[in-house]
Amino acid sequence: MTTATDTTPAPQAQAANSFAMIRTLSGIALVSGVLLALVYQATFDIIKANKEEAVKNAVFAVLPGLSEAHPPVAFGLNPDTGELVELASDGDVLAEGFEKIYVGFDDAGQFVGVALPASGQGYGDVIRVMYGYTPAAEQITGLKILESKETPGLGDRIGKEPFLDNFRGMDVKMDDARESLLHAIQWVKHGEKTEPWQVDGISGATISSTAIARMLRESTQRLLPAVNAKLDELKDAG
Amino acid sequence: MDPDSLSFIFLNACIINNFVLSMFLGICPFLGVSGKRDTALRMGAAVIFVMLVSSACAYGINALLVKLNVEYLRLICYIAVIASAVQLVEMFIKKFSPGLFRALGIFLPLITTNCAILGLALFQTQREYNFFQCLAFALGAGGGFTLALMIMSGLREELDLADVPNVVKGAALTLILAGILSLAFMGFAGLGG
Amino acid sequence: MANNNRHGPSDMETFLRGLWEENPVFVMLLGMCPTLAVTNTVMNCIAMGLAASFVLVMSSVLVSLFRKFIPKQVRIATFILIIATFVTIVDYVIQAISLELYASLGAFIQLIVVNCIILGRAEAYASKNNVKKAAIDALGMGAGFTFALLCLGVVRELLGSGTLLGYPVLGSHFEPWAVMILPPGAFFVLGTWLLIFNAMRERSARKAREKAA
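Protein chains in written order, with this note's numbering: chain A, 1 to 238; chain B, 1001 to 1193; chain C, 2001 to 2213.
No lab work stands behind these hints: they were computed from the structure.
Ideal Cβ placement from N, Cα and C applies to all residues, glycine included.
Hints may be right or wrong, so weigh each one.
As the list claims (entries may be wrong) - Below, computed lysine-lysine pairings styled on DSSO-like, alpha-carbon distance capped at 30 Å:
#	chain 1	residue 1	chain 2	residue 2
1	A	K173	A	K56
2	A	K149	A	K160
3	B	K1169	C	K2207
4	C	K2072	B	K1094
5	B	K1094	B	K1169
6	A	K189	A	K149
7	A	K160	A	K144
8	A	K193	A	K235
9	A	K48	B	K1067
10	B	K1095	C	K2072
11	B	K1169	C	K2211
12	A	K100	B	K1067
13	A	K173	A	K189
14	A	K56	B	K1095
15	A	K189	A	K144
16	A	K149	A	K56
17	C	K2068	C	K2132
18	A	K230	A	K189
19	A	K235	A	K189
20	A	K51	B	K1067
What the hints assert, rightly or not - Covered stretches of chain B (in silico footprint by chain C; criterion: 3 or more residues with CB under 8 Å from a CB of chain C, positions within the stretch not fixed):
#	region
21	1020-1034
22	1060-1072
23	1076-1084
24	1118-1132
25	1177-1187
Extracted from the complex, chain A is given alone in its bound form:
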């Protein structure tokens, strides 16, 4: 690499140069920092409200008969230790090992069910979903895709009918000991569904649909025992 021909200025000029450089950079950095802090503050509440709105919409989509008058309550659940923590607001940060779940109530303030999260690697990137669970009927009542980067027109059919119909009334009965599910959620080829705990696959979107079945199987096996163990506490939250 050729060295640039440099007319080395006198020491005073060099000091002045360095000063000018530092002055400019720190000046701009300072103004920039202040500006960003201002914009962050100004948009913070709006963004928070947006996120809470998105979550509320998801919970309403997966649990039937929810009421606007009794909004869902957020909890942190640690499936390994069985700990349950009520969250003051949806924006609260969770400790390690905790997952966020939402309890839904109907117009009479009665417990309807719990909205649970699940995630897993799909075809494109990680897929995040929320599904509704009613302990009374021991069923999954609905599924909503929160984040997915699946192939448009093929993999993204996991967010549309008739695939979503798989998850209305999906059987997730637990055994008598209430430790695990009687029938693990299972993916079957399109058209071969015979049992209510099976997921009817999408032909042409095998990877995306098996991913959904897999993440639900894992999530139910992990969370449902813990949810059932803390059912009374959850019902009291209304």
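For chain A, the structure is supplied; the task is to place chains B and C on it using the hints.
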């Protein structure tokens, strides 16, 4: 394969979701430097270097920013970190391997504005990788970039000898070739279960 | 295109230059990454075009404003700092406007900061011209970039989903070409547009030569 495992992250970044052919990062150098196999290999090597260093630094900076609750400064800090990382790598190579330095030439400074490096930092933050996952990601991303660059340069060197219409020459041809490569790489979907 | 105006190109000419003659994507081959990545729907194109234009204009204006105070050795660092600030602002504003839009643009909003167009214009034009000229040049380049995005976006959304801005246009019998929304489609469409532009430029250059002969 476990999606959180280092080997899956590496495979994912390198082949399944190749940085250039799938995620559209690093297109500018991909178009500019893929003319000859030799320069392509050198650029790829430089990118792998810088990615590893930047990835580690970005992980550290992000941890600090989160602790200080100033996440809105993330973008600025990442750019500063990447620029510094490039400078450091350049000085390091100049000192310990002048031959390599001469070979890499002007490519190192060019990498600073390469969206692949910043994209790497942003994605690893978004996916919340731990330190070792970050490194595996960086290695895979750099490796995938080099792979795509090598394939493209091989193709273009061959095409130099062919009778190509003037209208297509240059970027148009490279892009159409890239499209075919991208189509081919889609076949890797589902690799690693 | 010879301009014999002694006072340099007019404002309109400066603006149009960024749009057509020196189109950042099709002619200068800059800013390809976002052009390929976010053009799968027209909505994304418009959002990205506006965001990038905002950053371009604001940074060009500021760089031009302070051009006499920025020492040469740190000019790139200063430019990048200014650009990064505005990109972060745009990032938060889009999150506040629509989380859905933010999710579909992904990391490419923040990647505007390394969009070669913005740094390139700051270096080549804004740091050497007054504020008004810098602003108009930036507007022209932003318009050119948005134009290029739309060229791709319209084709990709129309053929890949049969819709425009979400409205079904091609009817229900149209079987969408899924490849258009996927990465290979982006490469093909951009390559084809470059081919068309090259052909058009070659033809007008040939005509100019014939006229001069």
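Chain C covers the region 1118-1132 of chain B, three or more CB atoms within 8 Å, holds or violated:
Coverage by chain C holds for the region 1118-1132 of chain B (5 residues, Cβ < 8 Å).
Straight-line Cα separation of K2072 of chain C and K1094 of chain B no greater than 30 Å?
With a Cα-Cα distance of about 24 Å, the restraint between K2072 of chain C and K1094 of chain B holds, given a limit of 30 Å.
If you draw a straight line from the CA of K1169 of chain B to the CA of K2207 of chain C, is it 30 Å or shorter?
21 Å, holds
If you draw a straight line from the CA of K1094 of chain B to the CA of K1169 of chain B, is it 30 Å or shorter?
36 Å, violated
Has the given pair, K173 of chain A with K56 of chain A, been kept, meaning a C-alpha gap of at most 30 Å?
With a Cα-Cα distance of about 26 Å, the restraint between K173 of chain A and K56 of chain A holds, given a limit of 30 Å.
Is K51 of chain A within 30 Å of K1067 of chain B, Cα to Cα?
Status holds; Cα separation ~22 Å.
For K189 of chain A and K144 of chain A, compute the direct alpha-carbon distance and say whether it is at most 30 Å.
21 Å, holds
Next pair to validate is K100 of chain A with K1067 of chain B; report whether the Cα-Cα distance is within 30 Å.
22 Å, holds
Decide if the proposed pair is consistent with the structure: K230 of chain A and K189 of chain A, CA atoms, cutoff 30 Å inclusive.
36 Å, violated
Restraint check for K160 of chain A with K144 of chain A, where alpha carbons must lie at most 30 Å apart
9 Å, holds
Taking only the CA atoms, is the gap from K1095 of chain B to K2072 of chain C under or equal to 30 Å?
26 Å, holds
Check whether three or more residues of the region 1177-1187 of chain B sit with their beta carbon closer than 8 Å to a beta carbon of chain C.
holds (count 6)
Of the numbered hints stated above, those contradicted by the structure are hints 5, 8, 14, 18, 19 and 22, listed in ascending order.
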